[in-house]
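Taken in order, these protein sequences are the chains called L and U. Counting from 1, one number per residue, gives the positions in the first sequence under our numbering. Counting from 1, one number per residue, gives the positions in the second sequence under our numbering.
Hints are supplied without guarantee of correctness; some may be wrong.
To be verified - In silico DSBU-like pairs for lysine-lysine, Cα to Cα no more than 35 angstroms straight-line:
1. 70(L) to 176(L)
2. 70(L) to 96(L)
3. 135(L) to 176(L)
4. 135(L) to 96(L)
5. 70(L) to 127(L)
6. 176(L) to 82(U)
7. 135(L) to 70(L)
8. 127(L) to 82(U)
9. 176(L) to 96(L)
10. 176(L) to 127(L)
11. 82(U) to 70(L)
12. 127(L) to 96(L)
13. 96(L) to 82(U)
14. 135(L) to 82(U)
What the hints assert, rightly or not - Just the calculated beta-carbon pair ranges, DEER-fashion:
15. 85(U) to 127(L): 18 to 28 angstroms
16. 113(U) to 5(L): 47 to 57 angstroms
17. 26(L) to 22(U): 46 to 56 angstroms
18. 138(U) to 114(L): 43 to 53 angstroms
19. 224(U) to 8(L): 50 to 60 angstroms
20. 128(L) to 85(U): 12 to 22 angstroms
21. 199(U) to 5(L): 54 to 64 angstroms
22. 174(U) to 192(L): 43 to 53 angstroms
23. 113(U) to 192(L): 53 to 63 angstroms
24. 178(U) to 5(L): 45 to 55 angstroms
25. 27(U) to 71(L): 42 to 52 angstroms
26. 22(U) to 128(L): 16 to 26 angstroms
27. 126(L) to 9(U): 13 to 23 angstroms
Everything labelled a hint here was simulated from the structure, so no lab data went into it. All values reported here derive from a predicted model rather than from experimental measurement. Using N, Cα and C, we set each Cβ at its ideal position, and we do this for glycine too.
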Amino acid sequence: MIEISNLTKRYAGRTAVDDISFHVARGEIVGLLGPNGAGKSTTMRVLSGFLPATSGTVRVAGFDVFHDSKEARRRVGYMPENNPLYPEMRVREYLKFRARLKGLGRRQSRERVSIVMDQCGLADVSKRVIGQLSKGYRQRVGLADALVHDPELIILDEPTIGLDPHQIRAVRALIKSLGGRHTVLISTHILPEVEMMCGRVLIMFNGRVLAQDTPENLQHRMAGGSQVIAEIAAPADALNAAWETFGEIEHFDVTATDGAFFRCALTPRNGCDLRPLVFSLVREKGWTLRELTRSRHTLEDIYVQVTKPRTEEPE
Amino acid sequence: MRIFWVLLRRELSAYFLSLTGYVIIAAIAFLTGASFVQLINAQGNDPWPMPVAQMFFGSFYFWMIVLLSAPVITMRLFALEKSSGTYETLMTAPVDDLQVVAAKFTAALVFYVVMWLPLLASLFLVGRFTNQSAALDYGVVGGMYLGIFLAGGFFLSFGCLASAVSRTQMVAAMISLAFGVSQFALAWWAKNMAVSEDWRSQLWSCFNMFDHMNDLARGAVDTRALVFYLTMTFLFLFLTLRIVESRRWKS
Chain L
1 MIEISNLTKR
11 YAGRTAVDDI
21 SFHVARGEIV
31 GLLGPNGAGK
41 STTMRVLSGF
51 LPATSGTVRV
61 AGFDVFHDSK
71 EARRRVGYMP
81 ENNPLYPEMR
91 VREYLKFRAR
101 LKGLGRRQSR
111 ERVSIVMDQC
121 GLADVSKRVI
131 GQLSKGYRQR
141 VGLADALVHD
151 PELIILDEPT
161 IGLDPHQIRA
171 VRALIKSLGG
181 RHTVLISTHI
191 LPEVEMMCGR
201 VLIMFNGRVL
211 AQDTPENLQH
221 RMAGGSQVIA
231 EIAAPADALN
241 AAWETFGEIE
251 HFDVTATDGA
261 FFRCALTPRN
271 GCDLRPLVFS
281 LVREKGWTLR
291 ELTRSRHTLE
301 DIYVQVTKPR
311 TEEPE
Chain U
1 MRIFWVLLRR
11 ELSAYFLSLT
21 GYVIIAAIAF
31 LTGASFVQLI
41 NAQGNDPWPM
51 PVAQMFFGSF
61 YFWMIVLLSA
71 PVITMRLFAL
81 EKSSGTYETL
91 MTAPVDDLQV
101 VAAKFTAALV
111 FYVVMWLPLL
121 ASLFLVGRFT
131 NQSAALDYGV
141 VGGMYLGIFL
151 AGGFFLSFGC
161 LASAVSRTQM
171 VAAMISLAFG
181 VSQFALAWWA
191 KNMAVSEDWR
201 SQLWSCFNMF
211 DHMNDLARGA
221 VDTRALVFYL
231 TMTFLFLFLT
241 LRIVESRRWK
251 S
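Here chain U stands alone, though its shape is the one from the complex (with noise of 0.2 angstroms):
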């Protein structure tokens, strides 16, 4: 455990002792507020018909941000190791690839709530000067960044798979935004399917985010996209761990 916390630490401060890390956080600071001037814009002084967290989640800034974010964040964890060769003094240390891929996965998902933070600035400007007074409410706000942690979670623990079986940032970035937009279109794809009591459609509605957000953002905790998110995530996890892992089974 002792590893984990030295690993993360370190983990953490490549993100926060780099310029890098600061351009991701300024990046989406700006799209979270372009976003906002846009939807209350759009609103005017019209009655709102959902709270603006709702909103948000259905606007294509959210995915947007989403969708870049994670390759972004997670190209570097292995990928720039190898290619530095860092990954040959970390991995030749007494540590074990759980740990290693543990802290990695676990920074990332730090740097991506931190990066989300700026968020509940855009809530509370909004709640104080609009007639929205349900912005900055508890269960809304929690929700929503229920939402975002899990969604960042899936889509971060993919980054560390593509991360792991790619040498380069370029190509782990790569591959991972290409995972993100397939499945965006097929949460799109999802959401566009008669709803029926078919197994079928059931099992697409899993892969329908953008109701699963909706619903967070509500304040509604759903559990099949509670377990959807966790499991994909472990599943992701676990498939790194065995990629790192057969660097050491015998050829």
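Chain L with its partners taken away, still in its complex shape (with noise of 0.2 angstroms):
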């Protein structure tokens, strides 16, 4: 559905996409994970056939977006980031020009909008006007704009951004729905809701792909070398020595909190899961546990993992 082959893309002198390549199949939900300024955003609007690729080539359905652009971009339904709208119109109203401008007949138009107005929540605002909703409103307009010619691809930068947690649980649901039977491409710097939404992910930085995969194997690729964290009510001491003995422990530091209990951090010296070894000793020593966690993986640890090698070069 999508192939970019070497996309290059640069503003005056800054190169926001550095050589990228990747292909996305039928039916798949991809995301592109990344920090601001990673050149998701870039990527997305050469998808989208809103700016031009300083090199290499991007097909959408086979359609090149620079040459065939139009019709790249009848199977597109884009929505940018910050979802700009026009504030003056109302709901169903916009959807309509929109269905409209997308090549739709007056009819078939009409039935489109209602069913993506049904599909996106949007069926008791429909006669409001856009600049009066409340911001998760507008971003479901948006949505239903992207959704309204029903395109083989949608490409949505940063869907959830600003909403909240209820709202945010409903784009989900709703963009986890339309995996299959349309193709997605989002953006996000969230990283459970690429675990929650997409097939694949991508991850972005500074313009290059970095990694690919799918979330399962990239949180099992990250799970090594992640920190456990242990509460458990026993001598400090005779803990720091346990701590001690064990060679799969790198590093640990103890800390007193409340009560009896101490907390320890635990870091593995090569990748391995430390609570099973945390819960014989306690079974083994009698004494209580209150909690046993590994730390999850924040977005940053991610980035730190995948780049590391690249920082690590020039030293």
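Hints are included, so try docking the two chains, each in its own frame, into the full complex.
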């Protein structure tokens, strides 16, 4: 559905996207993950036909977005960053305008507008002026616009930004339901989001794709090196002594918390999971264990992990 | 063509659904009314030396309205969409650049013509209550509106160009106002030049908008004026189209 090969985009002296290549198959939901300025939005703008590439080719459904721009655009539903809308129009009127603009006939556009308004939960605000809607509703109007012509490829740039948790959940469920029938490319900088929605993740950093894999595999790769936190009621020196004896623990840190409990932060030496080890130790010694968690990977950890070889090379 | 109509409807609704549109119409109605009050007061009961339409075109009110309204009408066309980001949703829909430029210009022109309709009421009042029975003569009114239409196309097409090159409405308005004023100065200069058979003087006379309007208000349609306005309008629209297309050019 999407074929990007050697795409580079330079803005006056700055390289926003640096020689990236990737493919997305029909029906996939793919997440572009990266910090601000990683080149996610630029990639999407090139894909949607808004900006020309400096070099490289981009194809959507077999159409080159530069040479067959209009045919490619016909097949794409794109919601830009910050979801721009015409504030003076009413919801139904706006969606109808967009449907007609995307080449739907009068009757067809009426049908599709009703369908996407139901799909996006807009039925009760159909006559409201967009400028007076809450952010959550406006976001849904943007989504409905991207869906209205039933495109093969849907590109959503940060679809859940600025929404409250309830709305985020609704939007995620909606996006997830699009998979299979549509191909979806979303960008985000929230890791759990891609885990929940996407079948595949591309991590972008400084204009390059650093890793691409399923969220599970990525999580698995990242699991190595993750810290384990255990809160145990035991004498502090006994704890220190116990951690010393384990070769698997590279580094540990014991701090007192309330009462008899101590908080132990344990870093494994070669990426093994320390939790079973902690549990068997506690059982053997008859201590009380209050908490045992493996710290979840934040996006930051992943960047650090993924960008490690590159940043250490020059030294 | 269907896309053009869809876009035109949306552009027109942007004018007529917003307060700005009505503020502009009200301001212009006030200015035309004021100019007629002044013209009638100045004339008193003396016989009029020329039809009132011709006098109106000679007054600075008419030029003030054209010069001020064109930037205000056109500034939002592209610049507002760019600053609010809707330009991205618009241009990523399967539309042609030509359709977008044509729809935006046509909407501006339609709004501009609607804006001038209160002038008819002023003419009617003059025709009804003064000894100027020719004020509502079809030829005069037709020539007058043709003049308004041609001058409007000229200044509005430049306004489109200014809006297409700017990122904010303010800059667009400044550019097209600067153009309007210099065009006005050029016309003034051309008017005061000695008329001769010299080709340079002939060329300059093309820019003499005062005489163009004067002729049109008498009901005399001069092809030179017609060609001048239409050529310039299409030139500016062509340049606007190139600017809009340039976004897709490879750097």
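Structure-based check of all given hints:
For the hint linking residue 70(L) to residue 176(L), the alpha-carbon distance of about 27 angstroms falls within 35 angstroms, and the restraint holds. With a C-alpha separation of about 20 angstroms, the suggested pair residue 70(L) and residue 96(L) falls inside the 35 angstroms cut-off, and the hint holds. Between residue 135(L) and residue 176(L), the direct Cα distance comes to roughly 21 angstroms. Compliance with the 35 angstroms bound is thereby established for this hinted pair. Restraint check: the Cα-Cα separation between residue 135(L) and residue 96(L) comes to about 20 angstroms, which is no more than 35 angstroms; the hinted pair holds.
Of the pairs offered as hints, the one joining residue 70(L) and residue 127(L) holds, with about 31 angstroms between alpha carbons and a cut-off of 35 angstroms not exceeded. As the CA atoms of residue 176(L) and residue 82(U) are separated by approximately 31 angstroms, the hinted pair is consistent with the 35 angstroms bound. Straight-line distance between C-alpha atoms of residue 135(L) and residue 70(L) comes to about 31 angstroms, which keeps the hinted pair within the 35 angstroms bound. The suggested pairing of residue 127(L) with residue 82(U) holds, with an alpha-carbon distance near 26 angstroms, which does not exceed 35 angstroms.
Among the hinted pairs, residue 176(L) with residue 96(L) is consistent with the structure: their alpha-carbon atoms are about 25 angstroms apart, no more than 35 angstroms. At most 35 angstroms may separate the alpha-carbon atoms for a hinted pair to count; residue 176(L) and residue 127(L) meet this at roughly 28 angstroms. Simply put, residue 82(U) and residue 70(L) have alpha-carbon atoms about 20 angstroms apart, close enough for the 35 angstroms limit, and the pair holds. For a cut-off of 35 angstroms, the pair hint linking residue 127(L) to residue 96(L) stands: about 12 angstroms separates their Cα positions.
The suggested pairing of residue 96(L) with residue 82(U) holds, with an alpha-carbon distance near 22 angstroms, which does not exceed 35 angstroms. With a C-alpha separation of about 21 angstroms, the suggested pairing of residue 135(L) with residue 82(U) holds against the 35 angstroms cut-off. In this structure the supplied range 18 to 28 angstroms holds for residue 85(U) paired with residue 127(L), their Cβ-Cβ distance being about 24 angstroms. For residue 113(U) and residue 5(L), the hinted distance range of 47 to 57 angstroms is satisfied, since their beta carbons lie about 51 angstroms from each other.
Evaluation of the 46 to 56 angstroms hint for residue 26(L) and residue 22(U) yields a pass: the beta carbon distance comes to about 50 angstroms. Taking 43 to 53 angstroms as the suggested C-beta distance range, the pair residue 138(U) and residue 114(L) conforms, at roughly 49 angstroms. Our hint of 50 to 60 angstroms for residue 224(U) and residue 8(L) holds, since their Cβ atoms are close to 52 angstroms apart. For the pair residue 128(L) and residue 85(U), the beta carbons lie near 21 angstroms from each other, so the given range of 12 to 22 angstroms is met.
Between residue 199(U) and residue 5(L) the C-beta distance comes to about 58 angstroms, which sits within the given range of 54 to 64 angstroms. The beta-carbon spacing between residue 174(U) and residue 192(L), approximately 48 angstroms, falls within the hinted interval of 43 to 53 angstroms. For residue 113(U) and residue 192(L), the Cβ-Cβ distance of about 56 angstroms falls inside the hinted range of 53 to 63 angstroms, so the restraint holds. Under the hint 45 to 55 angstroms, the C-beta atoms of residue 178(U) and residue 5(L), about 46 angstroms apart, fit the expected range.
Range check, residue 27(U) to residue 71(L): Cβ separation about 46 angstroms, and the 42 to 52 angstroms hint holds. Our hint of 16 to 26 angstroms for residue 22(U) and residue 128(L) holds, since their Cβ atoms are close to 22 angstroms apart. The hinted window of 13 to 23 angstroms between residue 126(L) and residue 9(U) holds, with their beta carbons roughly 19 angstroms apart.
Checked against the numbered hints given earlier, the structure satisfies every one of them.
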